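Asks: Here is what each chain is made of, one letter per residue.
Number of protein chains: 6
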Amino acid sequence: MPATDRKTALIISAHAADFVWRCGGAIALHAEQGIDVTVACLSFGERGESARLWKEGKSLQEVKDIRRAEAEAAADALGVARLECFDLGDYPLHLERADKDKLVDLIRAVQPSFMMSHSQYDPYNTDHMYMTQVALEARMIAQAWGHNPGEQVLGAPQMYLFEPHQTEQMGWKPDVFLDITPVWDKKRKAMEAMQGQVHLWDYYTRVAQQRANHFKRNSGGQSGGRDCQYAEGFQSIFPRCVDTLA
Amino acid sequence: MPATDRKTALIISAHAADFVWRCGGAIALHAEQGIDVTVACLSFGERGESARLWKEGKSLQEVKDIRRAEAEAAADALGVARLECFDLGDYPLHLERADKDKLVDLIRAVQPSFMMSHSQYDPYNTDHMYMTQVALEARMIAQAWGHNPGEQVLGAPQMYLFEPHQTEQMGWKPDVFLDITPVWDKKRKAMEAMQGQVHLWDYYTRVAQQRANHFKRNSGGQSGGRDCQYAEGFQSIFPRCVDTLA
Amino acid sequence: MPATDRKTALIISAHAADFVWRCGGAIALHAEQGIDVTVACLSFGERGESARLWKEGKSLQEVKDIRRAEAEAAADALGVARLECFDLGDYPLHLERADKDKLVDLIRAVQPSFMMSHSQYDPYNTDHMYMTQVALEARMIAQAWGHNPGEQVLGAPQMYLFEPHQTEQMGWKPDVFLDITPVWDKKRKAMEAMQGQVHLWDYYTRVAQQRANHFKRNSGGQSGGRDCQYAEGFQSIFPRCVDTLA
Amino acid sequence: MPATDRKTALIISAHAADFVWRCGGAIALHAEQGIDVTVACLSFGERGESARLWKEGKSLQEVKDIRRAEAEAAADALGVARLECFDLGDYPLHLERADKDKLVDLIRAVQPSFMMSHSQYDPYNTDHMYMTQVALEARMIAQAWGHNPGEQVLGAPQMYLFEPHQTEQMGWKPDVFLDITPVWDKKRKAMEAMQGQVHLWDYYTRVAQQRANHFKRNSGGQSGGRDCQYAEGFQSIFPRCVDTLA
Amino acid sequence: MPATDRKTALIISAHAADFVWRCGGAIALHAEQGIDVTVACLSFGERGESARLWKEGKSLQEVKDIRRAEAEAAADALGVARLECFDLGDYPLHLERADKDKLVDLIRAVQPSFMMSHSQYDPYNTDHMYMTQVALEARMIAQAWGHNPGEQVLGAPQMYLFEPHQTEQMGWKPDVFLDITPVWDKKRKAMEAMQGQVHLWDYYTRVAQQRANHFKRNSGGQSGGRDCQYAEGFQSIFPRCVDTLA
Amino acid sequence: MPATDRKTALIISAHAADFVWRCGGAIALHAEQGIDVTVACLSFGERGESARLWKEGKSLQEVKDIRRAEAEAAADALGVARLECFDLGDYPLHLERADKDKLVDLIRAVQPSFMMSHSQYDPYNTDHMYMTQVALEARMIAQAWGHNPGEQVLGAPQMYLFEPHQTEQMGWKPDVFLDITPVWDKKRKAMEAMQGQVHLWDYYTRVAQQRANHFKRNSGGQSGGRDCQYAEGFQSIFPRCVDTLA
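Protein sequence lines, in the order shown, are assigned to chains A, B, C, D, E and F. For reference, each letter of the first sequence is one residue, going 1 to 246 in full-length UniProt numbering. For reference, each letter of the second sequence is one residue, going 1 to 246 in full-length UniProt numbering. For reference, each letter of the third sequence is one residue, going 1 to 246 in full-length UniProt numbering. For reference, each letter of the fourth sequence is one residue, going 1 to 246 in full-length UniProt numbering. For reference, each letter of the fifth sequence is one residue, going 1 to 246 in full-length UniProt numbering. For reference, each letter of the sixth sequence is one residue, going 1 to 246 in full-length UniProt numbering.
For the record, the hints were derived by calculation from the structure and aren't laboratory data. Treat the hints with care, as some may be off.
[Claimed, not checked] Distance ranges between label pairs, derived from CB positions:
| no. | chain 1 | residue 1 | chain 2 | residue 2 | range |
| --- | --- | --- | --- | --- | --- |
| 1 | D | Arg-52 | F | Asn-148 | 54 to 62 Å |
| 2 | E | Arg-97 | A | Glu-192 | 31 to 39 Å |
| 3 | E | Thr-205 | D | Val-198 | 14 to 22 Å |
| 4 | E | Arg-6 | A | Leu-60 | 30 to 38 Å |
| 5 | A | Lys-55 | F | Lys-100 | 52 to 60 Å |
| 6 | A | Arg-97 | E | Arg-6 | 39 to 47 Å |
| 7 | F | Glu-62 | A | Lys-55 | 57 to 65 Å |
| 8 | E | Arg-6 | A | Glu-192 | 51 to 59 Å |
| 9 | E | Ala-69 | A | Lys-55 | 41 to 49 Å |
| 10 | E | Thr-205 | B | Ala-98 | 56 to 64 Å |
| 11 | F | Asp-202 | C | His-94 | 49 to 57 Å |
| 12 | E | Lys-100 | D | Glu-32 | 38 to 46 Å |
[To be verified] Residues of chain E placed beyond 10 Å of chain D at every Cβ, according to the derived structure:
| no. | residue |
| --- | --- |
| 13 | Ser-59 |
| 14 | Ile-66 |
| 15 | Arg-68 |
| 16 | Ala-73 |
| 17 | Ala-81 |
| 18 | Gly-89 |
| 19 | Lys-100 |
| 20 | Asp-105 |
| 21 | Gln-152 |
| 22 | Thr-167 |
| 23 | Pro-174 |
| 24 | Pro-182 |
| 25 | Val-207 |
Note that the structure is predicted; figures quoted are calculated from it, not measured. For each residue, glycine too, the CB sits at the ideal point set by N, CA and C.
Make a model of the complete structure from these sequences and hints.
Replies: In structure tokens, the structure reads:
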């Protein structure tokens, strides 16, 4: 358990903006619930997801600086407790053993109640599926009593996969919908911090509206027909352990 | 919502004994939680799952009577609120339109918070997969405002699939484990009520022990390492709607 | 081949409104291309998809009449060449052998260049998957030289599956995106003809906007970055036969 | 066990010619091994697989007579012990309860060491997948002690799925290859008995040649590089029980 | 777009001969259509696919020289515009970051309308599935505006997967068939250039004949029953963007 | 073929204890059949699967020594012909090119009739799925005539996947059950040699009992209803080549 008594969560994002579009609502909601959310950005998405900046003639360092600033502004808007930028480069993202160890260190430091990363398949963006593969590897190492013996080992946190672009092509199937209506303004504000991807603001607003429709479709008997306006969907990797099915 | 304020659940079982082996713990546990559990046995499993009785030379009526008595005893042991025997015959089980309507009536009368039935594939036992297909059809009809207009329509209860025999052959993958340790004695007693299938008592005791191991494996970070002794696993058909992922 | 030289298409819809939400753009677009599109509605969706009308106290006949009128108005808006209402009832939809024969007759009369129906899996709505199963069966019968010998047999038209609600839950994966921007106004008008499902107008407008985004994502190198505003997605059952891959 | 001490096998074929193309080699080979092979043809494939005869203007009865004669000639060539024609009609094939009971009777009479039928998915030919669904249902009923009590119940024979046309479209994956080189002449002769489908003789000769290549690819270490010339592939539904893996 | 106005295609082949057996017809056909086809051979298949040469006692350099000469002869026969041999070694094939960058450079230089590589799964030959994984990674990098800023970025070309050996074992499912009858002589000539794999000449001739049968089966209503004699099949990774479904 | 005439088998285990729990029975049984079984342990599982030892404050070297001793004792109990410890480290396991070459050398030295390794998917333990990926790569290299020319190349041995923990989560489906009743005492003794994982002794005893039940369920017609008490299950990667299906 972490130093404080607060629950924690860890988002592992291949590129700087992924956490905004894909789970910004979950971050803001859990932050409001008193959960410390740490976001790890393994790269800034500087080469592959900053087309506008490159068209403007920015240098690599400028692109990275801008992307970092945007990520920080978005994290602020969402109430992120800690934003960790690994700055490992993108397209392709690649982690050496030392980089993986640093990710393991972070997981152990955070001791998350749940983790999040990308879909397990993505033929458009191999960084995404590589990220999840590494996240699972790091989760396993963090659980090992013989890795840095004496440190607190990781329990068995759920690994959620947040929503990819073009879900059906990625074989991603959500099994949980989260009502993010109460924090929608924060997510929208965080999205608007991503100045280089204006075309995605409305796209992911519509995603949230569609998921709200799905929330309502699946909660007729479970949530009393609540008027959910915005939602996010997630796929769970591991089974849940419960005391009731009702 | 049903007449009383109590929550309810509905188990739809192709043959009389399925509810005992596959979700007896869930029934007993939820009964203790104050949830009224209704069990629908579409047949007694009289032809296909009563080999010992036929070897003893019993007649069809005798087999059915014995199986009914066993099911009632098991239901008593588990605290089932209502046991509904449709007596439609097995191997093969088949529902005419009127039979399906009767199942829809039951679903509406119960207004379950969750439903349960068999795995969606079972090449050994086509009754099982047929049962789930019909259960989904009946769930859909129960939701239709134009079916028996004026009746209370069904919400959107989860449909859990309980554990089949030889899980891997059925493509069944549990996504939720339920700790049934507190009610284990009741499940064991219910199993022992099935006098014609003594060879399954220990088999399903071991299933519960293995699932307890899986419960613990998956709850290191979620349930505080509780010493779960017996568990049951279930696969969910529909996504969940939640207010937190932690 | 049909009486005229015009190409034809056949949409097979379980309920009266499915063809509007799921392929209204495709219908209007192909109509503008000079293709005669026939729509077969196997039911009016009177029991299961007309909640508002039942809440208003309408009778079964009134509901069916209203739904038929709405379907006709939508078909008009889309330029449907022929709307065939089978009036077989819904929730559940069921076809007897004679009903299937009637569907085969229609397929042969139309001699479609392509057919369309629902996703092959839908645990929420068993009518949908049943419809596609029957559509494939009818397609097979229509190809048989010994079925009503002397009639023109069917060729090998593609069977497209149009977009279901909650695509990921249905295992539906689109492999073709169609730009419906030129006919968007017609689709919107057709949707607005469905007065009982106002909540779906904006939902399926957003679906079309999201699919337009996907169209653009997948056509960077294929369609010159055209500014597609609205699109529809489809899954193909059968392989295509082509003379070039470029 | 059947009346004699000979081992037996049962092929369940939707249409008269399926057993020739898809498992003619297996039939002839096992017949030579002293195994009695029974072939059940549920229909003659008279409507859907006899295009040439219909083009020639034959009547339904003529088509059926010709197809029966061809099936008998093929069965003779292969050494079939018993050819059972159910004459239930095709496109679509449909079994009423009494028809299924007759199939169960046959299974019990044969007491097969193994059974065979079609692939479990076939969007081109719904008769094929329906046939396998019914074959599994009949296998289950034949195992039931309460079905016609007193009869010998069925054991647990393997169900092999023989090769469909366009294997990849059917999701069929062979897990066993059988060397049919010693009986190739018999299979070719049986194929040539099917006078209405001359175009398939060479097609299925090539299939056998390709499968021989696969046999050799997979038997480098298992069968000593034998020069297999012709082979057939099968998919198993159930696990095998063995005393050695070597 | 490339320097000229001609359309282009890029084949990415793990070993020198793969492009001949698996897409030689597509290469020749598109070359005849005026499309410049570039073939990248990442290795010569010198260790793993040259058994005959090793049995003859050739040295590594000799094997590579012979394989290169064969590949060049085959490329000539097919009308390949450019054959690029990376000479990275096989069994296993491995690309360092610089090798991947070189592949990205090639992709950008070619600016292909479509790309081609191996199936995504192949337990017999891990080089094959590794190749496709790298091809997708390279495609992604080639699309990144920040990779070698100033270069022309890649659009969104289709990635076709050509036919593996033993298709069903690789989970490969063709969704497009290409009629290669007009260029069959060129493909046969190219195959005969591969002197070390004589046993595959007839094998892949039969593959082409079987695929022609499939072409005809799927084009009854689409291509007017053309008498296709030889065909090739391909699986598409990405959805298509179209203006008509007819 | 190996120097002697004895048949051989090769087990490739990521961590020292995997071969005990997952295929100890198969090892002992084949050893009794006169087959030389080699076990390759790529690591000792020192970091990730030795929690008890770390809790006791052992050093890394102590943990490895203890694990090696336990593995040797277990191998003795099972009659392993050769235990090869690669000592490559775990959590994560990683093989450099030289390590893979060493594994290839071992495969060629053993010339196994069959190989065994882990399931192909395991989100809990990425070492497991990595191990199988490498095992398939090494199998491929061992088959290459150009790898260390002059050495005896590998044939085409089956690759079995032994049973993972939580089978359904790994997508593992057994297609063969092996009766290990005659060697059960040896397996139990080998398990008891693993002093650090006492909690698994009974767990895997129950696994063997459940698999025995499955053996009996699937061998009614194949093995004469033998009273199997303990069994192990395996999934085959490659098709089998046979001379009979009976």
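Asks: Give a verdict on every hint.
Replies: Hint check results:
no., hint, result
1, D:Arg-52 / F:Asn-148: 54 to 62 Å, "holds, 58 Å"
2, E:Arg-97 / A:Glu-192: 31 to 39 Å, "holds, 36 Å"
3, E:Thr-205 / D:Val-198: 14 to 22 Å, "holds, 21 Å"
4, E:Arg-6 / A:Leu-60: 30 to 38 Å, "holds, 34 Å"
5, A:Lys-55 / F:Lys-100: 52 to 60 Å, "violated, 44 Å"
6, A:Arg-97 / E:Arg-6: 39 to 47 Å, "holds, 46 Å"
7, F:Glu-62 / A:Lys-55: 57 to 65 Å, "holds, 59 Å"
8, E:Arg-6 / A:Glu-192: 51 to 59 Å, "violated, 44 Å"
9, E:Ala-69 / A:Lys-55: 41 to 49 Å, "holds, 45 Å"
10, E:Thr-205 / B:Ala-98: 56 to 64 Å, "holds, 60 Å"
11, F:Asp-202 / C:His-94: 49 to 57 Å, "holds, 52 Å"
12, E:Lys-100 / D:Glu-32: 38 to 46 Å, "violated, 56 Å"
13, Ser-59, "holds, 25 Å"
14, Ile-66, "holds, 24 Å"
15, Arg-68, "holds, 26 Å"
16, Ala-73, "holds, 24 Å"
17, Ala-81, "holds, 31 Å"
18, Gly-89, "holds, 24 Å"
19, Lys-100, "holds, 31 Å"
20, Asp-105, "holds, 35 Å"
21, Gln-152, "holds, 37 Å"
22, Thr-167, "violated, 6 Å"
23, Pro-174, "violated, 6 Å"
24, Pro-182, "holds, 22 Å"
25, Val-207, "violated, 7 Å"
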